[in-house]
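Enquirer: Put together the whole structure using the sequences plus the hints.
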Amino acid sequence: MSGAGPVQAVAWVVRRDLTLALRGRADVLTTLVFFVIVVSLFPLGVGPDMDTLRTMGPGVVWVAALLASMLSLGRLFASDYQDGTLEQFLVAPYPLSLLVLGKVGAHWLASGVPLVLIAPFLGLQYGMSFASLRVLMGSLLLGTPVLSLLGAIGAALTLGLRGGGVLVALLVLPLYVPVLIMGAGAVEADAAGLGAQGHLSLLAAMLVLAAFFTPWATATALRISLD
Amino acid sequence: MNRKLEGDDLGSVRGDRRLFEHVGFALEGGELLHVTGPNGAGKTTLLRMVCGLVRPEAGEVRWGGEPIRALGEEYLARVTYLGHLNAIKDELTARENLRAAAALSGLDTPEARVDEALARMGVQAQADLPVKVLSQGQKRRSALARLLVSASPLWVLDEPFNALDKGAVETVRAAISGHLAGGGMALLTTHQEVPIAGTVRTLALGA
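Protein chains in written order, with my numbering: chain A, 61 to 287; chain B, 99 to 305.
Everything labelled a hint here was simulated from the structure, so no lab data went into it.
For each residue, glycine too, the CB sits at the ideal point set by N, CA and C.
Be a bit skeptical, because a hint or two may be false.
Derived, one-sided and incomplete: chain A residues facing chain B with beta-carbon distance under 7 Å [said to hold, decoys possible]: (1) W72; (2) T145; (3) L150; (4) D287.
Expert: Structure follows, in structure tokens:
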């Protein structure tokens with residue numbers, strides 16, 4: 061059999077999912093608009109005291125990113141499950157975890173990267189300094205893929221269940237806690253003059269660990285859901 | 099190159115209901131296994147079992163004498179599975195769907211091959227339209243075009259003739275016959291009478 065390699069297959073998975081994300085733009089925009097609105101509501105509610113806003117800024121942006129990321133999780137496998145594409149993933153002659161990594165990667169490119177790019181503009185509402193904004197972007201850049209990777213496990217486990225959305229939140233939010241602490245902590249540490257290096261390194265370590273282990277867990281969960 | 103596919107003493111339990119037990123079959127190159135039975139007899143489950151999607155409650159499926167669980171991807175590279183779901187994306191065109199599906203099953207499909215497959219299934223005029231504007235039958239045709247680019251020796255087809263008109267049924271029937279004549283094997287469920295040239299075995303479930 062003249063073979064397209066696993067790399068090509070994964071490339072096709074990414075390409076297909078990105079094409080789908082572009083054609084169904086409403087989905088991507090929903091996540092982004094949700095993020096923008098949540099982050100913008102806080103200054104309106106808390107009032108214009110710059111000091112308060114500056115302290116809570118990183119935390120708010122990170123919590124909003126976390127919720128936005130979770131909002132988009134439901135779509136990760138649901139449509140593939142309904143139209144039978146997921147079955148084809150399972151009978152493909154490639155490791156399922158590799159294909160899952162491709163899907164999660166595409167999901168992050170479509171829903172995580174826009175958050176990273178728009179975050180500094182939202183941070184301005186909180187009077188964050190240029191240096192803080194840079195750290196915020198860095199921490200989101202390292203952290204949002206971890207959110208997608210961890211969330212994929214929850215999305216796979218709740219596939220085809222009624223009320224899956226709420227269940228995903230219960231399953232996944234506790235796993236998000238370390239990422240939230242390190243992500244928001246990085247900006248605070250930088251603002252306090254301690255340097256964000258430590259926090260960012262830990263985030264990077266989480267990313268490596270998650271990229272290595274979660275696709276395997278997600279693949280196992282998918283097999284169970286489809287059995 | 100073609101080896102034997104065997105199902106040995108297979109049993110399946112869904113929930114707390116026993117679907118079937120002690121089901122066995124053997125299939126060699128050039129043979130077709132027609133799985134029959136009333137609705138709910140477990141035909142789809144049996145087919146999914148052969149693809150490794152469902153773990154058998156009892157017994158095992160073997161390819162060339164080895165359990166398919168142990169062979170893993172080496173076995174899956176030899177299977178083309180067409181479920182009763184089309185596995186095509188509404189927002190993509192028929193051509194994009196076919197190319198993505200071919201890449202996923204490990205095929206490097208040249209553009210000419212894709213065009214030819216779509217033409218044989220009679221959807222070349224709709225090849226560059228998003229699949230969501232096509233009719234049910236046309237969607238099924240675009241999904242079935244996958245068979246025409248497939249190079250795997252084992253086809254597992256769940257109700258392939260659903261929603262197809264006479265002409266398309268004839269095309270698929272010819273494709274299956276050609277596949278068998280070339281030494282391939284196929285598992286098939288259908289409620290229609292479809293005469294297929296070659297050795298046809300029948301496996302009746304729930305009888």
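Enquirer: Does each hint hold? Answer for all of them.
Expert: Hint by hint, here is what the structure shows:
1. W72: A:W72 check passes; min Cβ-Cβ to chain B is 4 Å, inside 7 Å.
2. T145: holds (5 Å)
3. L150: holds (6 Å)
4. D287: Since the shortest Cβ distance to chain B is 6 Å, the answer is holds.
When held up to the earlier numbered hints, the structure conflicts with none and fits them all.
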